[in-house]
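Trainee: Single-letter residue listing:
There are 2 protein chains.
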Amino acid sequence: MKKTIRICMAGFGHVGQRFCRLLQEQAAQLAQNYHCQILLTGVCTRSKGLLLHPDGLDLTQILTSPWQQLPGWRSGNVLDMIACAQADIFLELTTLDIKKGQPATDHIQAAFNHNMHVITANKGPLAWHFQELTRQAQQKQLAFYYETTVMDGAPIFNLAANCLPGDHVCAIRGILNGTSNFVLHRLAAGDTLAEAIRQAQAIELAEADPSMDIDGYDAAAKICALANVLMQANQTPQDVQIEGIRHISAAQLAQAKEDGYCLKPIASATKAADGSVQLRVTPQRIAKDDWLAHIDATSAALELSCQLCGNIAIVQRDPAILQTAYGVYSDMLQVISHHI
Amino acid sequence: MKKTIRICMAGFGHVGQRFCRLLQEQAAQLAQNYHCQILLTGVCTRSKGLLLHPDGLDLTQILTSPWQQLPGWRSGNVLDMIACAQADIFLELTTLDIKKGQPATDHIQAAFNHNMHVITANKGPLAWHFQELTRQAQQKQLAFYYETTVMDGAPIFNLAANCLPGDHVCAIRGILNGTSNFVLHRLAAGDTLAEAIRQAQAIELAEADPSMDIDGYDAAAKICALANVLMQANQTPQDVQIEGIRHISAAQLAQAKEDGYCLKPIASATKAADGSVQLRVTPQRIAKDDWLAHIDATSAALELSCQLCGNIAIVQRDPAILQTAYGVYSDMLQVISHHI
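Listed in order, the protein sequences are those of chains L and Z.
In short: position in the first sequence from 1, add 18, done, that's the numbering used here.
In short: position in the second sequence from 1, add 18, done, that's the numbering used here.
In silico DSS-like cross-links for lysine-lysine, where the CA-CA straight-line distance does not exceed 25 Å:
hint	chain 1	residue 1	chain 2	residue 2
1	L	K66	L	K118
2	Z	K306	L	K306
3	Z	K306	L	K275
4	Z	K21	Z	K158
5	L	K158	L	K21
6	L	K275	Z	K275
7	L	K306	L	K275
8	L	K306	Z	K275
9	Z	K275	Z	K306
Stretches of chain L that chain Z covers, calculated by requiring three or more beta carbons in the stretch to come under 8 Å of a beta carbon on chain Z:
hint	segment
10	40-51
11	297-310
12	313-324
13	331-342
Quick caveat, the hints were computed from the structure, so don't treat them as lab data.
No experiment lies behind these values; they were computed from the predicted model shown.
Here a beta-carbon is modelled for each residue, glycine too, at the ideal position from N, C-alpha and C.
The shape of chain L in the complex, shown without the other chains (with noise of 0.2 Å):
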């Protein structure tokens, strides 16, 4: 017998609205596979309002009209969408804000006052809270997935939570702003830091403001978020020592070359000699004969040094949205399978 499950979701940008089709697209294998059907009893943008349908939203609709002049349409907030979707999943899709890792934090515990098992692609709460959710989460025995917050749909968290048991992350290092990769790379090839931008903005890599890539707050936000999961590290992105690459000079790519280094923007979690870890965001210089040299365009990696596997890796190359999109729906049948 095929089961029905419920989700409701907040933010519908890129992310939500290729979620939405590859729902489509996949709800024959669902059924076949998983034995279940997808209804989205509830959506929810700042600039939108509110949609809410009990027997699920039209998807085609949802994505193709203006949403005030569909049934159920109202003006709500999240909050709201939470307290009447009757979901079994809240999916957190809203836009990261750096500072406190609000208002998302609130939406997860209110979807888990709500005895909703939540997914967030938004790293905010997991930089900010992540202890607290996890607390909160275990006490009602729901289930809280976070695959999209760092290289999109390729597997991180997962893979450390079913794939490495019994061992233990000692470091983590990588490149995951795609972004300062990419105008590094070009002010090495000889942009001005203006052009590099405007090249990483003409690609849909950067956002209109790049400052939060470029000054290094969004690797910060997934380095925080990656050693409070992976190392137990309980830090904030306050604690991260962060230095961006606004300043780096032609002067200084030109000698790295000379010596035979790249410069990368690394963001990394050591183990300090009394057990603390230390978060940092900074550009390094990477040897030219290192595979990590050579991470570039929007391609992202992430080395983890275990105790007992030792030092591997996962590289992802040249990631699009559907990447994005595929990462909250493997945490969706990880919920399915696994939590109903």
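Since chain L is already given, all that's left is putting chain Z on it; use the hints.
Mentor: Okay, now just chain Z, sitting in the frame of chain L:
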């Protein structure tokens, strides 16, 4: 209450010995986190004979003393051991026979017949008899794990099984044979083949007879195992188009370098237009600005092209014997967590 789990193993080379030391090192963790103690009730090698003890062999003794002097020693083979060891889990750690995957496949089938879960570090059975063995395991509701067969303890098979739900692997490409990779790198640096092989042997990378590696058969068994498990290829090493690196000339290497390429020993599995899977092991030109061109020394890399997750790769940097032993250990923990 602590569970007692009985294991027996075929083969006691570097991997088996390091695995036994790992069991000793992790005994407290196993008790605390997995609520179990492990007893090795049987172990067998072709040269040393057979040791059996229903209450568990003394690991320190078998690591340090001549077996014939130990209680429980007798002559006999692996099938004798499987019949007598009364174990929950059988570990197949004998060396690869590339020609038929035997006698490892017979060992595994015997273990299934004695209702044991099976962990193999020997890739022959996957390359030659994967479907058959999987069917047998399913019929008897027994676990069958094989993480160590490709890239030691780095999660490949468990990653695909646990972290890519709802997705499909469309193509595989990797640098899977350390000796070939090392030798090609040395050839490019100007060494002769004999010199390069001697160096690979000096760092204990290549075996006394390096032909299995140099001529591509080891990588062929690996890509076949990968394709059988991840792409349902149902092929054998006989189906792999193999070109070793023995006949690579200095001129070829120099030309590649001049054109901006490295030669790398690439194993690949791709889907042909008719849906069949084509397996190849061959030296290929990889552009110097591609990160795969810089997987050197003993490191390995495997790229998976997935329908939804896109192009992701696992890189393993300079593995040691502990990483191989961890592959077996992590499979054992999967069996304990999910099947016992």
